[in-house]
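J.: Please model the complete structure; the sequences and the hints are all you need to start from.
If you read the protein sequences in the order shown, they are chains A and B. The numbering used here puts the first residue of the first sequence at 14, with every later residue one more than the last. The numbering used here puts the first residue of the second sequence at 558, with every later residue one more than the last.
Treat the hints as calculated values from the structure; they're not laboratory data. Backbone N, C-alpha and C fix where the C-beta goes; we use that ideal spot for every residue, glycine too. Treat each hint with caution, since some may be false.
[Claimed, not checked] If you want the ones that stay clear, here's a sample from chain A, every Cβ over 10 Å from chain B, calculated:
| # | residue |
| --- | --- |
| 1 | Glu22 |
| 2 | Arg119 |
| 3 | Ile123 |
| 4 | Thr172 |
| 5 | Thr217 |
| 6 | Leu233 |
| 7 | Gly265 |
| 8 | Lys314 |
| 9 | Glu412 |
[As the list claims (entries may be wrong)] One side of the interface only, derived from the structure: several residues of chain A facing chain B at Cβ under 10 Å:
| # | residue |
| --- | --- |
| 10 | Leu173 |
| 11 | Asn176 |
| 12 | Asn384 |
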Amino acid sequence: MYSNDRLLEIFQRSRSGKYMKEVEFDLLLARRVQELVKEYNITFDPNNVCPADDGMADRVFEAGLKLFMDVGAYHLDTERVIKFSREEILEALRKAPDTLHLGEGRDMVIARHRNIEDPNPPLNLTGPAGQPCSEEHYLELMISYAQEPYVHAIESGATLTYNGYDIVAGTLMEVKAVQRDAATAREAIRRVGKPGMHIGDAATGMTAIGKMAASEPINLLRPCDGRLVAQMCEMKVNDDQLIRVPHLINYGSHIINLMTPLTGGIGGGPAGVAVVSVAETLLGVVCYFATYHYLSITHIKWTNNSDPWGMYVLAMTGQAMARNTHIVWTDDPFCVNGAGTLENLYEVAGHAIIGAVCGYQQHGVGSTGGNIVDHHTGLEAGWQGEVGIATTLSGITREKANEIALKLLPLYKDTFNNPKLGQPFHELYNTQTITPKQEWQDCYRRAKETLSKLGLTFTHGPYD
Amino acid sequence: MNGSSLPKEIADNLINALKLGDKEAAVIATQHALDQGIKPLSLVQEVIVPTLTEVGKRFEDLDIFLPELIAAGEAGNACTALIEQAILKSGSQMQSEGTVVIGTVKGDIHDIGKNIVTSLLKAHGYKVIDLGRDIPAARFIDEAEANHADVIAASALMSITRAGCRDVADLLRDRGLKDKYLFIVGGGSITQEYSDEICANGFSETGSGAVELVKSLMVNKRGA
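T.: Written out as structure tokens, the structure is:
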């Protein structure tokens, strides 16, 4: 099936598939997930958040594949279910790329499929990751990410205003803001001497119009950059998301399948959410023609994934996809604590270690659950990359990753209900020189010392 | 159920069906109770509201997950619809704690938080008109007018869509309806500061907080 044929088929099925109210789909999905968890004997043990269990990883994959076949994708606009056969899903999976060229020129990086305990370190494709940003410090903030030595790509944040005015989705203000933010991201990578660096998205764009407005190769996003195409929780698509696909294919751009499966949500507990996460990845392969995937596990109450549930979903879904597919995919640490706190760096580290041994390239970081304006910086994003590399170079196994993650957990878990929000970017950095202030650098060094004691061997870091 | 005036077996059947989210069994239990001459309002006040409140609390504590909350809410809706018919047939009117019109604002399609608030408000005895997602400002107000609502609740997860809340606030002011409705906001992109800036009557970060907010605003409104 050629790509265009598949797109047309998706459109037809979105108009002719079984009609169902959304709540019926939710409850059907929830019920089927629980049946599959039982049938495939997928278990969660809070003392083993990174299981070294190849058999269970394969069962998670099979259960996710079966879930997608049985339940399909729900189209929110037409209220119809789009279904695919096993053969169709596996054919699309076979055609999905295993190697990507991200960015251009000497700053281009090659992202490959990673295996469990892969000896090749993960790439760190980071940035504000859709977190709210003020326009006042936006360029300096983006530079703080792009300049980090262990950062290989940036993704823009979501600015709140344009010249002081609210940005309204679906209006000319959204288009203006997206164009400004994409241009700012380009300016940031030029300023740090990495003009060819990959830019993962223009996150201020909420609608297809906004996202597509960033397609302009001279000043805005180039074909070597990417755009997110998102799923709604869980396994839901709509026309606004699907519209982006033919545009991005035609533009030659990377398509990034964004999934935000909720732990405690429709998938239920961690075992069920691991199954849903596999199904959503397959949905992104089939419906979105994703070149790479972005798993952003989200706790329904704390909007983080640094808790045991989030870590388990990360570990099991990663291993399932690493063993059973050749796709390239990423994950992001979402933390309850904000930049400027030691706890934030521990949350990032636990997630980065498990992600590095379970087949992911890196994305993120999200701080304060992605809620507080400007409470995120380049430092914690670079830290994620540094931890990922240290994990790989130290030969960390899944068992060891579990041990370290569980030792880190007590250092921050008491903050889940009462997060430390830290400080905004402009208070943590000298915004003239764009360097972290002493106190934020001290946190970095203390976190590094802790991680070294737990078994990670670091190479030289930017704030040693 | 302590202090319940209902026969235990009848109450237990409905409680169990609601807790399990078994819509069919809940409707059968409700019909059976009505057939036995149980007062419709007693079923609502002594069984449905407290049971759904307990389910909501268990979800807040993450003893149960979202599907259980949704299923219990759906079962509760089906029972309430049946009871409403019985009340109307008797020539009376269904009483509720108040009517809330709720939706996610224009451009925002993220509605999990809004759905949780909807379920919890229903569990606490409010009549909720759920407009769904991506709702233009004018529709919030038109629906509030049509349904004689007390509260308009607007949700925005994304920072770029939160201006939709301001649109609702501005339109309420421009149509001269600001004092007629309680306007509350919530969602990931909303802060107390933003709520104050757009002159909303209240803001909550959590689902249970939203229920408490509505309760306290309604008390003030009725006391005013």
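J.: Each hint should be assessed against the structure and marked as holding or not.
T.: Hints, one by one, checked against the model:
1. No Cβ of chain B approaches the Cβ of Glu22 of chain A within 10 Å, the least distance being about 24 Å, so the stated non-interface status holds.
2. No beta-carbon of chain B comes within 10 Å of the beta-carbon of Arg119 of chain A; the shortest separation is about 34 Å.
3. A cut-off of 10 Å between C-beta atoms confirms that Ile123 of chain A is not in contact with chain B; the least separation is 32 Å.
4. The claim that Thr172 of chain A lies off the interface is violated: its Cβ sits roughly 8 Å from the closest Cβ of chain B, which falls inside the 10 Å cut-off.
5. Remark: the non-interface label on Thr217 of chain A conflicts with the geometry, its nearest Cβ contact in chain B lying 6 Å away (cut-off 10 Å).
6. The beta carbon of Leu233 of chain A sits about 17 Å from the closest Cβ of chain B, which is more than 10 Å, so the claim that it is off the interface holds.
7. Separation of Gly265 of chain A from chain B is adequate, the least Cβ-Cβ distance of about 26 Å exceeding the 10 Å criterion.
8. Here Lys314 of chain A does not stay apart from chain B, with its beta-carbon only about 6 Å from theirs, under the 10 Å limit.
9. With a cut of 10 Å on Cβ distances, Glu412 of chain A stays outside the contact zone with chain B, its closest approach being about 28 Å.
10. With 10 Å as the threshold, the beta carbon of Leu173 of chain A comes within range of chain B, its nearest partner Cβ sitting at about 5 Å, so the hint holds.
11. The beta carbon of Asn176 of chain A is not positioned within 10 Å of any beta carbon in chain B (closest approach about 14 Å), and the interface hint is therefore violated.
12. A cut of 10 Å between beta carbons decides the hint on Asn384 of chain A: the least distance to chain B is about 6 Å, and the hint holds.
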